[in-house]
Amino acid sequence: MFSKLPFLPKTIRIQVIMAFSACFLFMAVMIAVNYRHFYRLTGAVQFFELSGDINDTITEMRRYEKNYFLSREAFSYEENLTLTNRLATVLYREKVNLIDAIGQNNYERFLKFVDEYSKLMEQLRKTPRKEGCCLELQSKIRRMSQDLLLFANQLVSTERREVNRRLQRMIPLPVINLGILVLLMAFVIFFITEMIIRPLARITRESELISHGAHLRITPFGEPGNEIHRLVTAVNHMMGELESRQEQLMQSRKIAAVGTLTSGIAHELNNPINNLSLILESLIEDGETMSRSERVRLYEEAMDQTDRASETVKNLLEFSRASHPKMEKVALEELVDKTVRLVSHELQLHYIKFSKETRGPLPRILVDRSGIQQVLLNLFINSIQAMPQGGMLKVITRLHDTLKEVRMDVEDTGEGIPADQLTNIFDPFFTTKKEGEGTGLGLSVSYSIIKKHGGRIEVKSTLGQGTCFSIFLPIEVKSGYR
Numbered sequence: 016m017f018s019k020l021p022f023l024p025k026t027i028r029i030q031v032i033m034a035f036s037a038c039f040l041f042m043a044v045m046i047a048v049n050y051r052h053f054y055r056l057t058g059a060v061q062f063f064e065l066s067g068d069i070n071d072t073i074t075e076m077r078r079y080e081k082n083y084f085l086s087r088e089a090f091s092y093e094e095n096l097t098l099t100n101r102l103a104t105v106l107y108r109e110k111v112n113l114i115d116a117i118g119q120n121n122y123e124r125f126l127k128f129v130d131e132y133s134k135l136m137e138q139l140r141k142t143p144r145k146e147g148c149c150l151e152l153q154s155k156i157r158r159m160s161q162d163l164l165l166f167a168n169q170l171v172s173t174e175r176r177e178v179n180r181r182l183q184r185m186i187p188l189p190v191i192n193l194g195i196l197v198l199l200m201a202f203v204i205f206f207i208t209e210m211i212i213r214p215l216a217r218i219t220r221e222s223e224l225i226s227h228g229a230h231l232r233i234t235p236f237g238e239p240g241n242e243i244h245r246l247v248t249a250v251n252h253m254m255g256e257l258e259s260r261q262e263q264l265m266q267s268r269k270i271a272a273v274g275t276l277t278s279g280i281a282h283e284l285n286n287p288i289n290n291l292s293l294i295l296e297s298l299i300e301d302g303e304t305m306s307r308s309e310r311v312r313l314y315e316e317a318m319d320q321t322d323r324a325s326e327t328v329k330n331l332l333e334f335s336r337a338s339h340p341k342m343e344k345v346a347l348e349e350l351v352d353k354t355v356r357l358v359s360h361e362l363q364l365h366y367i368k369f370s371k372e373t374r375g376p377l378p379r380i381l382v383d384r385s386g387i388q389q390v391l392l393n394l395f396i397n398s399i400q401a402m403p404q405g406g407m408l409k410v411i412t413r414l415h416d417t418l419k420e421v422r423m424d425v426e427d428t429g430e431g432i433p434a435d436q437l438t439n440i441f442d443p444f445f446t447t448k449k450e451g452e453g454t455g456l457g458l459s460v461s462y463s464i465i466k467k468h469g470g471r472i473e474v475k476s477t478l479g480q481g482t483c484f485s486i487f488l489p490i491e492v493k494s495g496y497r
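In our numbering, the protein residues as written are 16 to 497.
All clues stand as given, with none of them false.
Calculated cross-link-like contacts (lysine-lysine; reagent style DSS-like; alpha-carbon spacing at most 25 Å):
| hint | residue 1 | residue 2 |
| --- | --- | --- |
| 1 | Lys475 | Lys409 |
| 2 | Lys371 | Lys353 |
| 3 | Lys371 | Lys475 |
| 4 | Lys353 | Lys466 |
| 5 | Lys141 | Lys155 |
| 6 | Lys353 | Lys409 |
| 7 | Lys110 | Lys127 |
| 8 | Lys110 | Lys134 |
| 9 | Lys81 | Lys155 |
| 10 | Lys344 | Lys371 |
| 11 | Lys344 | Lys419 |
| 12 | Lys475 | Lys419 |
| 13 | Lys419 | Lys341 |
| 14 | Lys134 | Lys155 |
| 15 | Lys344 | Lys466 |
| 16 | Lys368 | Lys475 |
| 17 | Lys127 | Lys155 |
| 18 | Lys341 | Lys353 |
| 19 | Lys371 | Lys409 |
| 20 | Lys371 | Lys419 |
| 21 | Lys141 | Lys81 |
| 22 | Lys409 | Lys466 |
Hints in this document: simulated from the structure, not taken from any laboratory.
Because the structure is a prediction, the values reported are computed rather than measured.
Working from the sequences, and respecting the hints, build out all of it.
Here it is in structure tokens:
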């Protein structure tokens, strides 16, 4: 989805930076808006407190004013004068805030009332106290202080309304902030999921298939300049190289196996050739004196020896030639018979008895004939080398308990494998043989071939008693071969 937006850069690194920058910008705006509201609310609360102080000051002024009216004590006048001066100082100090709160005209009237009130109180102080002489002046002072108190009450009411108004504005802010934060989190999660997690999950799934032996290619994802796309391209290139190296490794292992069997193959070819030589010699020397039936018998025997040599060469070429995997339905017993022919001379030289057992009817399964034959040959050679003094090599083929797999056990009575080495025998270049007797690739290549078929290979061994390799191949097609 995001990759289709034309204004977005192709690289994930820049996209992630842009996404988190956008989130940071949104959060910065949210913080600025909240700070502005809190700042104004703080100012309103402070001015509300100031209004309360002004109101309290005027109330105290009136209290001392009344005391002075009754007793004409100097103390009451001085206290009243102090409070009046304090009020005037506050009004001048908070001029800007007061003008914003009550307006310029009201502010000037407020100052005028304070000034007149101060003058009237000074005039009353200078007037001698006589009965009935100061009533009018006292009445003017009371009206003036009443007006001051009305102004103070108006100021308090105005600021109370302002504080309430700002509080009402701030009540939905937490919900709005939470909603925006949830949207930002959803955006970041969706962005990371779409651009990073989902492509990596796909790569992981397809890589797991590859790790199980499936030679697949990971589906390209994203723009060509995208890091995920470059990663997929690199992995696919690596898989191509590994597949090529694997084929080369398998072919080199075939050549190594042919080298191991050279003496046996030479013997298999030498016998029919010697027999042909003897037949031809008999025909040359005694052909004219032989009856027609004797000559036909010799010709047929010569043809049999030729077919025998031809079959040996055919099996050898079929096994050793370099070819791409070809899946076809075959009978496993047939593959066992063909592979045994390649090692028959080795079995005779080492006094090893071979037996084959098929338990129950088996279906023909879809496999790479050459690959499975190579696995069997690798296991047969290992068994032969594990029984230098002779023994028994046995192949048992049957349906597995699940009835969805064919199981083939290759058992020998050889030297066995130490228990601490069983977990490493399928590692490349790991071998239990003496130096120069093995490359350590046979079982690794066999493991890879079986995995490509969607099967598995297991081993059980007892030191001094023998080894059993069990091959499990699925009857249904789930091969990793292309």
